[in-house]
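Undergrad: Take these sequences, add in the hints, and give me the full structure.
These protein sequence lines are chains L and X, in that order. So that you can map any letter, position 281 of the first sequence is 281 in my numbering, and since no number is skipped, the others follow by simple counting. So that you can map any letter, position 23 of the second sequence is 357 in my numbering, and since no number is skipped, the others follow by simple counting.
Just to be clear, a hint being listed does not mean it is correct.
Pairs of lysine-lysine, DSS-like flavour, derived with a Cα cap of 30 Å [what the hints assert, rightly or not]:
id	chain 1	residue 1	chain 2	residue 2
1	L	K61	L	K27
2	L	K289	X	K432
3	L	K289	L	K189
4	L	K31	X	K432
5	L	K38	L	K22
6	L	K31	L	K167
7	L	K38	L	K19
8	L	K167	L	K189
9	L	K205	L	K289
10	L	K264	X	K432
11	L	K38	X	K432
12	L	K19	L	K47
By construction, these hints were calculated from the structure, which means they are not laboratory data.
Now for the letters of each chain:
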Amino acid sequence: MEFIDYYGVLGVEPTADDKVIKTAYRKLGRKYHPDVSKLPDAAEQFKRLAEAYEVLHSAEKRAEYDAICAARRRGFSGRPDLQSHNGHNQNSHAYRQNVYQQNAAGPSDPATDQDFTAFFEAIFGASGARQRQQHRESFANDDVHPLNGADVEVEWPMMLEDTLQDKTQQIEFAIPVAMGQAPHTTTLKVTIPAGMRDGERIRLKGQGAAATRDHPRGDVYLIIRLLPHPLFDIDANNLLLTLPLAPWEAVLGAKITIPTLSGKIQLQIPANSQAGQRLRVRGKGLVRKTSIGDLIVSLSIVLPASVNESSHALWQQLAEHVNFDPRHEWERLR
Amino acid sequence: MTTYLELNATHLQLSAEELCQSANISPQTLLTLVEYDIAVPIAGSQPIQWVFQLSAVTRVQKATRLAHDLVMEWADLSLVMQLLDEIEQLRSENIQLKQRLARYGWSE
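TA: Now the structure itself:
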């Protein structure tokens with residue numbers, strides 16, 4: 001078993017007082033808490049940090065840990081004697097089940113999926129771990145029974161086109177059964193209402209994991225994930241489309257067929273349009289519960305990738321005959 | 335076997351009691367979270383009538399994790415949640431804007 005230097009984890013001296021330990025924990029906690037940090041190993045780092053704080057902020061646990069450190073320095077193997085902390089370890093299996101059922105009472109909790117290190121459990125046993133769990137659950141509702149079935153979250157990808165009207169979808173997902181057993185696959189046909197946004201949720205009450213005895217089943221939360229569209233971007237209720245135009249289409253005006261989520265339409269481009277200019281097509285945006293957004297068409301002027309000899313001559317004529325300085329604004333700024 | 339489900343409004347929102355059950359918090363904690371604007375009911379003037387969006391479940395769970403793990407006061411937590419919301423919104427806008435810029439041939 002690997003010895004863990006809890007003082008090193010928190011970056012404090014073994015002589016540090018409670019205040020220093022608490023300050024170090026809060027400082028590193030802000031950096032590594034999985035709800036705040038985007039670091040890839042944040043969850044793992046935070047677990048080690050929380051374990052170190054768990055030991056060092058409790059006078060009793062810290063004294064026990066310090067005694068092991070002292071014995072280690074005297075040349076003792078450092079491996080704590082499991083039997084001498086007995087009573088805890090006999091309960092270890094029961095503790096694991098308890099944690100599982102607590103988790104089953106609600107959606108999983110990244111910071112509390114406590115797997116204390118073997119080192120921690122060897123010293124303090126399962127009851128040490130359980131004390132921490134109980135402390136954390138000081139928010140918990142006494143009426144909530146841990147025997148309720150687990151909630152299940154299912155991310156459901158949808159195309160933008162499918163949000164325009166109610167859409168019946170067949171949804172298949174796995175429901176956890178119990179530790180060590182294969183998940184149970186459930187299939188539901190659900191009519192997803194029009195106008196769902198990315199990240200919005202639908203609760204399928206009582207469709208989650210089965211409960212113990214007469215307790216209610218958990219719920220399933222469908223989390224809508226709108227897939228990026230190859231042509232359209234989203235801005236609140238509006239859809240954005242970038243429309244490439246040839247320079248002569250922008251200058252002379254044109255009638256152009258453009259895509260919308262519900263089919264193609266003809267759009268009149270006014271003469272003398274500029275790049276970046278926006279045209280609004282009412283009612284062709286996203287459908288929401290109480291309104292329909294617009295399609296905003298943003299004009300982009302593109303040039304041919306290559307120019308042949310005759311085209312080159314025409315551009316040359318333009319350059320010679322048109323009195324146009326595209327940088328005339330700069331004159332004012334000098 | 336395929337089960338057919340009829341959806342209604344209750345599939346898109348939660349009562350206060352359901353929120354407490356789903357997020358595994360006490361009613362007293364919920365009152366405090368509402369007092370500090372960490373959980374915001376979308377309807378109902380009295381706690382018994384409160385209605386929440388479903389996203390309140392994960393929000394409340396995140397808030398209680400942070401409060402415990404980082405040993406935070408409710409007022410500090412309220413500010414932290416507000417700033418985390420803003421970061422999330424800015425990240426999302428950033429992704430959207432990068433997608434739009436990519437349509438003009440710009441990339442990092």
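Undergrad: Give a verdict on every hint.
TA: Now for the hints, and whether the structure bears them out:
| no. | hint | verdict |
| --- | --- | --- |
| 1 | L:K61 / L:K27 | holds (22 Å) |
| 2 | L:K289 / X:K432 | holds (28 Å) |
| 3 | L:K289 / L:K189 | holds (22 Å) |
| 4 | L:K31 / X:K432 | holds (27 Å) |
| 5 | L:K38 / L:K22 | holds (23 Å) |
| 6 | L:K31 / L:K167 | violated (42 Å) |
| 7 | L:K38 / L:K19 | holds (28 Å) |
| 8 | L:K167 / L:K189 | holds (10 Å) |
| 9 | L:K205 / L:K289 | holds (22 Å) |
| 10 | L:K264 / X:K432 | holds (26 Å) |
| 11 | L:K38 / X:K432 | holds (19 Å) |
| 12 | L:K19 / L:K47 | holds (21 Å) |
Violated hint: 6 only; the structure is consistent with all others.
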